[in-house]
Amino acid sequence: MPNDNREKASARQIGAGWLGPRLDRLWDAIERPVEWLVRLCGYSAILFVLAIFVFVFLEAAPVLPKLDWYEFFTSIQWRPTSQVRVQYGILALVVGTLSVTGLAMALAVPLGLGAAVYLSEFCSGRLKEVLKVVIELLAAVPSVVWGFIGYMVVGPVLMETTSAEIGVNLLNGGILLALMSVPIIVSVGEDALKAVPDAYREAALALGASRWEMVHRVLFPAARNGLLAAVLLGVGRAIGETMAVLMATGHAIRIPQSLVDPIRTLTATIAAELGEAVERGEHYRVLFVIGLVLFGVTFAVNLLADLVVKGIGGEQGN
Amino acid sequence: MLEWAGCKRVASWGWVLCVVFLSVAGCVRGRAQPLAVIRVEGSDTMVNIAQAWAEQYHRSHPEVSIQVLGGGSGVGIASLIAGNCDLANSSRKMSEKELAEARAKQHVEPVEHIVGYDALGVYVHPSNPLEEITLEELAEIYGEGGTITRWSQLVPWPEGRNDHIVRIGRQNSSGTYEFFRSVILGKKRDFARGSVDANGSKDVVALVARTPLAIGYSGMGYQTPEVKMLRVSPGRGKPAVAPTAANALNRSYPITRPLQIYTLGQPQGVVREYLQWIYSDEGQKVVAALGYVPLR
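Chains as they are written, first to last, in the numbering used here: chain A, 13 to 330; chain B, 1005 to 1300.
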């Protein structure tokens, strides 16, 4: 409370300098509504998530009882417009999403965490500032531009350097998604490392640890919650990405046999087919069911992250 | 403080001016309101072209407003029979049943107007030695359980070079996908899984251009110097036909279908003028610009 009053007082002083002493009372009167406004902003997040879920669920609802769920999850045949037999099997799409996300993480996690460690522990001065700005710029590239890069640059390079039969494939998409999630992993990871008190570093170095030993024996354990959060944010970015994977993965319904096979993801399927599916038809509704599946997957990833982070926190508490 | 108030006053005057301007503009637009509305409905394949015609025609004839709806050829024809639209776009002929229904309900004969052709080219990489292909071979390449998976099954292939066929198709909701399927596979067979599905007609050609092992199908109008179109034979033993606009027009090229517009009886008034404009050079230019085959 005393702290609170001091803040109020200083706010008043600033107010006084700015708008004149008569506005003091106005300042007090505003405080309450502003508090409510801020609270409303907080609650609105819950409202939006619920509203989106309800919308997606309602669009999908009529088809839910009719859908052959066994086929939906175990068949690789995705044939919504077949004249012979319509089939809605998303297994190949799920495998596509998981494989491209997994590949992206395999590339992005070492790269991102490495960069975070370098930025926070080994780099200083001007170079650090430049690197941070450049990495932030990387995060600002729109995903459709990434898609073009995949299509025009990465694809031809892969065809030259690997046995790829077609440039748009799993590896292409994985590289793009990795580049897209690296900036998130770097900035969140660096913050996590920075949050470790300097006393830890000093203690480690005083005990005769090398800088590398300090990083992986002291900083990593101390910052693991934040680092895990960084990785999971990267995973979330990769799973949800649509435009770049639509353009760069080849959009082929296949279980990939090699790194350079074309694949198709859940998000890209929705993006490519929703526009021309008959509104409120069966195909349209099944695409919304895929939306629900994606919703479920991201929810599970977040929940898992929460539980793991809490679990680790508990361990540390003991 | 004073300055702030001044700003506010200017701002509020700004608002008033804005409102005045908008209402004046509204009146001006109001005077040029369309006198006639043409309702167009039907084929999803033709919806892009119908939209392009409508926009361009409206630019030179602001007094005519044209509403374009998709929904499919069947939907458009049903709507025409019910009297809910003036023009029905259709990528197939009206069936006997539909014709009879139209006669019974509207007491007029529906009239068919062919406004252009949709012809699909079969594209391969320029380095591919293949020059022609039959519809049966296409079916074995693209169809479910197809037996042709290697280029060497079709043409003598350079020793040591990978000969796996990379199939490039379209997303399953596109009209091109359905048309190609109906020509090569009919109604009894599906496409095989695993083709690389491009999201647009141009993308197919662009992908083929950079993929030496690829085969793809797309509108004839999308050809570029970086790809090769194959001659297509309608059946084994029959001569292959070159993919040219002339061969599409005389229907000898096998992957061709007419783009039709149906009216109830001979069109009258604004609808007639609109159809005449579609047949004009300007209207036919739109056909070519969208990758279809114009009438001349």
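Think of the hints as simulated: they come from the structure by calculation, not from any bench.
Keep in mind that the hints are not guaranteed to be accurate.
Reference listing, derived: stretches of chain B covered by chain A, where coverage requires no fewer than 3 residues with Cβ under 8 Å from a Cβ of chain A [unchecked claim]:
| id | stretch |
| --- | --- |
| 1 | 1098-1110 |
| 2 | 1114-1120 |
| 3 | 1157-1170 |
| 4 | 1189-1196 |
| 5 | 1210-1216 |
Note that the structure is a prediction, hence the values are computed from the model and not measured.
The beta carbon of each residue, even a glycine, is placed where N, CA and C say it ideally should be.
Ascending list of hint numbers which this structure does not respect = 1, 2
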